[in-house]
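Trainee: Sequence:
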Amino acid sequence: DGILKSIDDNIEDATLYSVASEFNITSAHLSRIFKESMGINFSEYVLDRKLLRATEILKEDPSISIVNLAKHLGYNTPSYFSTKFKERYGVTPTAYKKNLVKKNNNA
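In this note's numbering, the protein residues as written are 1 to 107.
Accuracy of the hints is not assured; some may be wrong.
Okay, derived cross-link-like pairs now, EDC-like style, lysine to aspartate or glutamate, Cα gap no bigger than 16 Å in a straight line [said to hold, decoys possible]: (1) K35 x D48; (2) K98 x E56; (3) K84 x E44; (4) K71 x E22; (5) K98 x E60; (6) K59 x E44; (7) K102 x D61; (8) K5 x D48; (9) K102 x E60; (10) K98 x D61; (11) K71 x D1; (12) K103 x E44; (13) K103 x E60; (14) K35 x D1; (15) K84 x D48; (16) K86 x D61.
Everything labelled a hint here was simulated from the structure, so no lab data went into it.
Produce the entire structure from the sequences given, and follow the hints as far as they go.
Mentor: Spelled out as C-alpha cells, the structure:
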C-alpha cells in the first residue's frame with residue numbers, strides 16, 4: 001500500500017529506482033515483488049496511473065495544453081505521451097479533450 005501511495009503521490013517522476021530507494025530496497029527486488037503482488041510490471045502500472053491521471057486533469061481543466069499536461073505527468077516528449085494515450089483510450093488526448101468540451105457544452 002505504501003508503494004502504491006508513493007507512486008500516486010509522485011506520479012510525475014515515479015521510477016522503479018526512485019521508489020525502490022524510498023523504501024530502501026533494490027530496484028530488482030521491487031520489480032519482482034511488484035509483479036508478484038500486482039500481476040503487472042512496475043512500468044505498466046505507472047503508465048496506467050499516468051494515463052488515468054491525464055484523463056482526470058483534462059476533466060478538471062480542459063483548457064490545459066497537451067504539451068503542459070505531458071510535462072506535468074513527467075513526459076519529456078508530448079508525442080510519446082499522445083501515442084500512449086491513444087493506445088490506451090483509442091483517441092488522442094486532443095480528441096479526448098474536444099469530446100469533453102463538446103459534452104460540457106451540451107450538458
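Trainee: Against each hint, give a clear statement of whether it holds in the structure.
Mentor: So, going through the hints one by one against the coordinates:
no.	hint	verdict
1	K35 x D48	14 Å, holds
2	K98 x E56	14 Å, holds
3	K84 x E44	11 Å, holds
4	K71 x E22	23 Å, violated
5	K98 x E60	14 Å, holds
6	K59 x E44	23 Å, violated
7	K102 x D61	14 Å, holds
8	K5 x D48	14 Å, holds
9	K102 x E60	14 Å, holds
10	K98 x D61	12 Å, holds
11	K71 x D1	26 Å, violated
12	K103 x E44	30 Å, violated
13	K103 x E60	14 Å, holds
14	K35 x D1	14 Å, holds
15	K84 x D48	10 Å, holds
16	K86 x D61	19 Å, violated
Of the numbered hints given earlier, the model fails hints 4, 6, 11, 12, 16; all others are met.
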